[in-house]
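Protein chains: 2
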Amino acid sequence: MAETPVRFAILGCADIAQKLSRAINLSPNSTLYAVGSRSFDKAKKFAAENGFPPSAKIYGSYEAVLDDPDVDAVYIPLPTSLHVRWALLAAEKKKHLLLEKPVALNVAEFDQIIEACEVNGLQFMDGTMWMHHPRTAMMKEILSDTQRFGHLKTVHSFVSWAGDDDFLKNNIRVKQDLDGLGALGDAGWYCIRSILWACDFELPNTVIALRGPVLSEAGVILACGSSLQWEDGKTATFHCSFLSNVAMDIIAFGTKGSLYVHDFVIPYLEKSASFSAASTNGYTEIVTGRFALPFEHVVTTDLPQEVCMVREFSSLVKSIKECGSKPESEWPSISRKTQLVLDAVKVSIERGFEPVQVGA
Amino acid sequence: MAETPVRFAILGCADIAQKLSRAINLSPNSTLYAVGSRSFDKAKKFAAENGFPPSAKIYGSYEAVLDDPDVDAVYIPLPTSLHVRWALLAAEKKKHLLLEKPVALNVAEFDQIIEACEVNGLQFMDGTMWMHHPRTAMMKEILSDTQRFGHLKTVHSFVSWAGDDDFLKNNIRVKQDLDGLGALGDAGWYCIRSILWACDFELPNTVIALRGPVLSEAGVILACGSSLQWEDGKTATFHCSFLSNVAMDIIAFGTKGSLYVHDFVIPYLEKSASFSAASTNGYTEIVTGRFALPFEHVVTTDLPQEVCMVREFSSLVKSIKECGSKPESEWPSISRKTQLVLDAVKVSIERGFEPVQVGA
Numbered sequence: 068m069a070e071t072p073v074r075f076a077i078l079g080c081a082d083i084a085q086k087l088s089r090a091i092n093l094s095p096n097s098t099l100y101a102v103g104s105r106s107f108d109k110a111k112k113f114a115a116e117n118g119f120p121p122s123a124k125i126y127g128s129y130e131a132v133l134d135d136p137d138v139d140a141v142y143i144p145l146p147t148s149l150h151v152r153w154a155l156l157a158a159e160k161k162k163h164l165l166l167e168k169p170v171a172l173n174v175a176e177f178d179q180i181i182e183a184c185e186v187n188g189l190q191f192m193d194g195t196m197w198m199h200h201p202r203t204a205m206m207k208e209i210l211s212d213t214q215r216f217g218h219l220k221t222v223h224s225f226v227s228w229a230g231d232d233d234f235l236k237n238n239i240r241v242k243q244d245l246d247g248l249g250a251l252g253d254a255g256w257y258c259i260r261s262i263l264w265a266c267d268f269e270l271p272n273t274v275i276a277l278r279g280p281v282l283s284e285a286g287v288i289l290a291c292g293s294s295l296q297w298e299d300g301k302t303a304t305f306h307c308s309f310l311s312n313v314a315m316d317i318i319a320f321g322t323k324g325s326l327y328v329h330d331f332v333i334p335y336l337e338k339s340a341s342f343s344a345a346s347t348n349g350y351t352e353i354v355t356g357r358f359a360l361p362f363e364h365v366v367t368t369d370l371p372q373e374v375c376m377v378r379e380f381s382s383l384v385k386s387i388k389e390c391g392s393k394p395e396s397e398w399p400s401i402s403r404k405t406q407l408v409l410d411a412v413k414v415s416i417e418r419g420f421e422p423v424q425v426g427a
Numbered sequence: 068m069a070e071t072p073v074r075f076a077i078l079g080c081a082d083i084a085q086k087l088s089r090a091i092n093l094s095p096n097s098t099l100y101a102v103g104s105r106s107f108d109k110a111k112k113f114a115a116e117n118g119f120p121p122s123a124k125i126y127g128s129y130e131a132v133l134d135d136p137d138v139d140a141v142y143i144p145l146p147t148s149l150h151v152r153w154a155l156l157a158a159e160k161k162k163h164l165l166l167e168k169p170v171a172l173n174v175a176e177f178d179q180i181i182e183a184c185e186v187n188g189l190q191f192m193d194g195t196m197w198m199h200h201p202r203t204a205m206m207k208e209i210l211s212d213t214q215r216f217g218h219l220k221t222v223h224s225f226v227s228w229a230g231d232d233d234f235l236k237n238n239i240r241v242k243q244d245l246d247g248l249g250a251l252g253d254a255g256w257y258c259i260r261s262i263l264w265a266c267d268f269e270l271p272n273t274v275i276a277l278r279g280p281v282l283s284e285a286g287v288i289l290a291c292g293s294s295l296q297w298e299d300g301k302t303a304t305f306h307c308s309f310l311s312n313v314a315m316d317i318i319a320f321g322t323k324g325s326l327y328v329h330d331f332v333i334p335y336l337e338k339s340a341s342f343s344a345a346s347t348n349g350y351t352e353i354v355t356g357r358f359a360l361p362f363e364h365v366v367t368t369d370l371p372q373e374v375c376m377v378r379e380f381s382s383l384v385k386s387i388k389e390c391g392s393k394p395e396s397e398w399p400s401i402s403r404k405t406q407l408v409l410d411a412v413k414v415s416i417e418r419g420f421e422p423v424q425v426g427a
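Each protein sequence line maps, in turn, to chains A and B.
Using the working numbering, read the first sequence as starting at 68 and increasing by one per residue.
Using the working numbering, read the second sequence as starting at 68 and increasing by one per residue.
If you are wondering where the hints come from, they were derived from the structure by calculation, not from laboratory data.
Values in this document were obtained by computation on a predicted structure and should not be read as measured data.
Take the hints with a grain of salt, since some may be wrong.
Because identical chains share one entry, a pair is satisfied inside a single copy or across any pair of copies.
[To be verified] Derived EDC-like pairs: lysine to aspartate or glutamate, alpha-carbon spacing no greater than 16 Å straight-line:
#1 Lys-323 with Asp-232
#2 Lys-109 with Asp-135
#3 Lys-160 with Glu-182
#4 Lys-393 with Glu-379
#5 Lys-323 with Asp-231
#6 Lys-388 with Glu-70
Kindly generate the complete structure, drawing on both the sequences and the hints.
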């Protein structure tokens with residue numbers, strides 16, 4: 068029984084689905100079972116090019132995928148505006164859900180998705196791959212070490228890439244009707260998740276968008292930033308953008324230590340990733356004023372982070388299917404918190420940079 | 068004539084004066100000529116312990132130092148609240164001025180100092196050492212390279228150190244009557260200077276302090292942050308603190324490149340300093356999503372940055388003394404801009420985080 072892999076179906080042929088197809092193939096507890104597209108030919112071509120076995124089911128509609136009783140789980144990389152519709156239908160058809168980020172256009176939509184998963188006893192997880200890299204756990208260990216790091220005081224996250232003219236005009240991510248959250252929903256999702264992660268997923272009290280966001284002609288966010296404040300005095304800032312060079316940085320400062328990672332979303336290398344940390348770097352000599360160098364930590368991994376994600380997701384699905392376990396509620400909970408903060412930043416921008424309470 | 072070194076006097080025996088004494092000694096065009104303290108014995112001890120030549124003049128008051136006609140230049144590391152008084156008297160006595168940062172409690176005070184220097188034909192420079200490290204010029208070269216870096220979009224600066232209980236209660240830097248600007252005047256000065264430096268000293272239109280500054284019981288800033296906005300859409304943030312682990316970071320993102328430096332205020336090593344830069348790190352492969360690693364640049368220097376500073380200052384003083392040159396106005400100009408932004412951040416905090424126009 069333990070050897071039965073989770074049978075995955077993919078809805079749509081988004082670019083990112085190439086990466087996930089490879090991950091499902093590489094994950095020992097998962098198998099590529101079906102792919103569906105509004106175009107049968109596109110689905111067929113996608114399957115042929117992305118390592119689907121010859122036995123894989125090819126469907127010319129998303130409905131047909133969801134109607135297949137042998138599909139255990141679906142990966143949904145559709146544009147955000149379509150998430151609620153297809154996630155709800157998938158849940159109704161009893162498919163476990165691996166959903167791309169941002170999970171929804173707002174938390175009200177997402178709450179419908181979570182409810183449908185709960186009612187149907189389904190596992191939910193969003194596609195935030197870096198959460199599953201072993202480096203992430205090791206960084207968390209340092210942040211949690213009150214001897215080495217002390218207490219977190221402030222954290223800063225920067226995620227960006229420079230879209231070319233074609234991206235900024237035609238990509239799904241800048242289309243009001245498809246991914247209306249723009250850079251905030253995409254690059255900003257990573258920023259917000261990383262900040263919440265550093266804060267043990269404690270929600271901030273308030274967020275205030277920073278002035279100077281850049282909007283497209285259609286009103287979609289191309290770049291923006293925000294500050295966040297917690298009850299205990301912790302603060303954070305982030306900046307997300309489609310208009311500047313690649314950035315994937317988390318910088319966290321505690322009372323006794325610091326942590327730096329420059330490629331947290333996608334590690335530079337697939338099997339080895341690093342970060343640096345410093346601890347109580349006080350003055351060592353007042354006249355020359357030297358400080359100790361931060362220490363570089365290297366974490367190796369046999370499986371790329373997206374494979375770790377699929378493996379974790381499938382392991383939870385198998386527990387439910389084979390052992391009658393309950394779905395793990397931590398994953399939808401952190402998706403929801405991320406969306407809550409994202410919504411608050413968007414409202415703050417819309418209200419002219421007013422402070423916005425983060426709803427519970 | 069060219070070999071005549073500039074004769075320096077130091078006002079007071081602050082800790083940082085130890086570093087400057089060493090720098091003056093190491094600088095080929097400068098000599099330690101005198102030191103004055105309100106206590107003659109303290110001055111004598113300081114001179115003995117900090118490499119002053121046996122011929123050095125020891126004075127039991129600041130006035131006596133300034134009355135010595137053979138003093139060319141004074142280094143003033145006194146608490147900020149005393150700057151205007153002693154800088155004005157020094158200028159009246161025709162002493163060139165190397166003044167510790169923050170240069171004054173506000174720009175109105177500083178304008179009196181600049182005016183006194185101008186009227187008396189004196190060189191002014193503030194003690195921001197990292198500006199003089201050859202690494203700084205090399206980083207500027209990259210920021211200015213439109214091929215490699217593109218156009219600057221956003222810059223972030225973090226400067227902090229964790230003061231112990233004694234520091235947070237008794238250090239000059241947290242005394243309302245001595246250094247009333249607290250962490251903003253000290254760590255924040257470096258943040259603001261680094262942001263202005265990255266922006267070619269173009270002033271922002273507006274600054275808005277971030278919520279959540281930490282004040283001492285006496286009302287002195289122990290930690291705070293701000294966002295800054297420019298006419299052309301550039302943005303910046305900074306965080307300065309006496310309450311978290313050592314940080315000295317500049318992170319700048321352009322349309323085509325990025326720049327990271329983690330020890331800009333005081334390099335980890337005295338004779339070799341590094342920074343990293345990346346350029347057009349686009350996706351190299353969509354499925355595995357790899358990015359090019361940033362490139363580490365190493366800059367060596369025979370002279371520590373504080374010696375470079377003294378050498379530059381003395382070279383300007385010698386030009387004035389020996390060649391009748393005019394004082395270099397760029398140095399007081401960037402001091403003034405730094406103070407202007409600092410003042411605006413302080414006002415924004417006082418006004419409950421309102422946007423504040425940066426005065427000209």
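Q) Among the hints numbered above, which are violated by the structure, and what are their numbers in rising order? A) 2
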